[in-house]
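Its first residue numbered 5, the sequence shown is counted upward by one per residue in this note's numbering.
Errors might be hidden in some of the hints.
What the hints assert, rightly or not - Below, computed lysine-lysine pairings styled on BS3-like, alpha-carbon distance capped at 30 Å: (1) K171 / K125; (2) K187 / K161; (3) K161 / K33; (4) K189 / K163; (5) K36 / K161; (6) K106 / K171; (7) K106 / K33; (8) K171 / K161; (9) K122 / K146; (10) K163 / K79; (11) K36 / K163; (12) K79 / K122; (13) K125 / K79; (14) K125 / K27; (15) K146 / K219; (16) K146 / K187; (17) K58 / K122; (18) K36 / K171; (19) K33 / K122; (20) K27 / K122; (21) K146 / K36; (22) K11 / K33; (23) K106 / K79; (24) K8 / K79.
Just so you know, these hints were derived from the structure itself, not from any lab. Being a predicted model, the structure only gives us computed values, none of them experimental.
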Amino acid sequence: MNFKDLKRIVAAGENQHVEFKRKAAHPDKIMKEIVAFANTEGGGLLLLGVEDNKTIYGFANPDEEEYTIENAIQKYCYPIPDYRLYRVPISDEVSVLALEIKEGTQKPYSVLYDFEQKLGKVYVRVADRSIQASREVREILKIRAQGRSIRFLFGEKEKLLLEYLDKHPYITLETFAALAGIKSKVASRTLVLLVINGILQIHPYEEGQDQYTLKTVAGAE
5 MNFKDLKRIV AAGENQHVEF KRKAAHPDKI MKEIVAFANT EGGGLLLLGV
55 EDNKTIYGFA NPDEEEYTIE NAIQKYCYPI PDYRLYRVPI SDEVSVLALE
105 IKEGTQKPYS VLYDFEQKLG KVYVRVADRS IQASREVREI LKIRAQGRSI
155 RFLFGEKEKL LLEYLDKHPY ITLETFAALA GIKSKVASRT LVLLVINGIL
205 QIHPYEEGQD QYTLKTVAGA E
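Put together the whole structure using the sequences plus the hints.
Written out as structure tokens, the structure is:
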């Protein structure tokens, strides 16, 4: 990437695959962006030295930021994602740090808060934000990463669900459990299996419950 490429990317703004950070002052918070990209199809690009308002500042001496980010990735990210950290010169003395994060093969990736037990919070990318993943999203990421194919029996609760979605744009876990008269755990497992088998699509939400819609087929009217 050169300065021309950088300016083009910055001008387009933040999105599902691009995030700006002015500094690396709080590396633990930056880690959630990194794991979110690793958990997201297509990965992402984190630009350090760029403000949210698209102002490009860069760093006169990026050594400290590089060291901080590298150490934080090793400390907080589990498992450690595949990434590339490099400098993009914007003048003779100033550079922006670019961190390319590849979509991971060991999902779900998390930011550790308990280092001994390897417990962490999983994040995914939704539009231009990194949000904490629900239990269902975590399970879907795990199953897909393992390449598992899980069959299920289409019963009464699945029939009720599809009938509901014929009349409503989406359904939530809580609504489905109440509709089918089943426990939340059973509703959760059912929704996960329907997503894995390509019948439903999950839409993660940071506030409130995830929404499930019928999976749209490309080219369908």
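- Task: Hints the structure violates: just list their numbers, smallest first.
- Result: When the structure is compared with the hints, numbers 1, 3, 5, 6, 10, 11, 17, 18 and 24 turn out to be violated.
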